[in-house]
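The listed protein sequences correspond, in order, to chains R and H.
So in this note's numbering, the last spot in the first sequence is 225, and the numbers never skip.
So in this note's numbering, the last spot in the second sequence is 225, and the numbers never skip.
These aren't lab readings, by the way, just hints derived from the structure by calculation.
From a predicted model like this one, the values you see are computed outputs, not experimental measurements.
Where hints are given, some of them may not hold.
Partner residues aside, some chain H positions facing chain R, computed with beta carbon under 7 Å [unchecked claim]:
id, residue
1, LEU94
2, HIS109
3, CYS123
4, ASN160
5, ASP163
6, SER214
7, LEU216
8, THR217
9, LEU218
Partial pick of chain H residues on the chain R-facing surface, computed with a CB cut under 8 Å [what the hints assert, rightly or not]:
id, residue
10, GLY95
11, GLN116
12, ASN117
Ideal Cβ placement from N, Cα and C applies to all residues, glycine included.
2 protein chains.
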Amino acid sequence: MRKENISDAVIRRLPRYYRQLSDLRARGITRISSLSLGREMGITASQIRQDFSCFGEFGQQGYGYHVRELCEEIGRILGVDRDHHLILVGVGHLGHALLQNFPFAKCGFSVDAAFDTAPAVVGCTVNGVAVRDMDDVDEWLRGNPVDVAVLTVPRGAAQDVADRLISLGVRGFWNFTNLELDSTHPEVKFENIHFSDSLLTLSYRIAND
Amino acid sequence: MRKENISDAVIRRLPRYYRQLSDLRARGITRISSLSLGREMGITASQIRQDFSCFGEFGQQGYGYHVRELCEEIGRILGVDRDHHLILVGVGHLGHALLQNFPFAKCGFSVDAAFDTAPAVVGCTVNGVAVRDMDDVDEWLRGNPVDVAVLTVPRGAAQDVADRLISLGVRGFWNFTNLELDSTHPEVKFENIHFSDSLLTLSYRIAND
Chain R
17 MRKENISDAV
27 IRRLPRYYRQ
37 LSDLRARGIT
47 RISSLSLGRE
57 MGITASQIRQ
67 DFSCFGEFGQ
77 QGYGYHVREL
87 CEEIGRILGV
97 DRDHHLILVG
107 VGHLGHALLQ
117 NFPFAKCGFS
127 VDAAFDTAPA
137 VVGCTVNGVA
147 VRDMDDVDEW
157 LRGNPVDVAV
167 LTVPRGAAQD
177 VADRLISLGV
187 RGFWNFTNLE
197 LDSTHPEVKF
207 ENIHFSDSLL
217 TLSYRIAND
Chain H
17 MRKENISDAV
27 IRRLPRYYRQ
37 LSDLRARGIT
47 RISSLSLGRE
57 MGITASQIRQ
67 DFSCFGEFGQ
77 QGYGYHVREL
87 CEEIGRILGV
97 DRDHHLILVG
107 VGHLGHALLQ
117 NFPFAKCGFS
127 VDAAFDTAPA
137 VVGCTVNGVA
147 VRDMDDVDEW
157 LRGNPVDVAV
167 LTVPRGAAQD
177 VADRLISLGV
187 RGFWNFTNLE
197 LDSTHPEVKF
207 ENIHFSDSLL
217 TLSYRIAND
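All chains should be modelled from the sequences, with the hints used to inform the complete structure.
Take a look at the structure:
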């Protein structure tokens, strides 16, 4: 029932729906209309119905959406039930913060290992994750393939590290390096967190809105 | 020359243009056509011309854009030349990482102070920024008003902290707490970094694209 060529905008709203529905579940709400869901999220009801129609039929005329069922279905669409595996490369301040605080498991990811080049952190364990020597990444990945690498290396090292990991079969990158990464492999996906884009958007808004 | 009601999508592209043009400057490129700029960014030339037309006339028929001038102009639009002031609230792993590594000054922000409740960090200095006791934030802000607060507190404390800071005059929030914050003040702007939305988008893409 899934349509082809679902737009980027729709895909980016899915995690927002998932987050909102998870919150509603936690608040004990069992059903919700597209109108109320839209109001909570600042989206029109027709936008919501149109988005969901890309993935099949959810909800029922006159009843609305069953919160738990819809939440689980969107979770399945997003792959939170798939047990993806990842490594984190670059255990500086940010890498450390993600290992300590980010709920990877809730997003459906197991953190199998972390890698760094600094003798001061190699051999340590951060929140149960062993920090290994980057020199060993090739051998390690051959025995432990992963879907995703979290890149928290310095910007200057980002493309080289990505190229190396792509050659070892990694196809997804969660990229915090503020560098737009390239690959000749069309199946490689880069998802970027650009902190400065976000702060500059806020800078614009406080001055202009 | 600036139009009213510039769309969210256009505003969100401005920091990307700024980043791309800064990169071009660093690479020594002095002018660029909308076609080439679009190719580098995965945007059509007509989209670029349409976006820029919201802010006046840049570029010249047959010459293209002067990279440095356009970069500086977009920087001005974004407010990187304004010397905004901010505080960071919550000096845990992520707050620490931002203070250590994020180039606030390049985005036009001075970090005036950080605040926390934990005796272990209050009184410390992180990358030149003094960490103060959250109990003193009211008095401190009265003497040192800021435009923005970076929220890196635990999710459970986020709304209370935001409410308190809003009552003290803070109007912009860079929100890392994964909680959608509310305010009855229409002039308050929240800019959210939702890490999990980003990772779930990647999760979808590696499974479906």
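Each hint, compared with the structure:
no., hint, verdict
1, LEU94, "5 Å, holds"
2, HIS109, "4 Å, holds"
3, CYS123, "5 Å, holds"
4, ASN160, "17 Å, violated"
5, ASP163, "6 Å, holds"
6, SER214, "6 Å, holds"
7, LEU216, "4 Å, holds"
8, THR217, "6 Å, holds"
9, LEU218, "4 Å, holds"
10, GLY95, "4 Å, holds"
11, GLN116, "5 Å, holds"
12, ASN117, "6 Å, holds"
Checked against the numbered hints given earlier, the structure breaks only hint 4 and satisfies all the rest.
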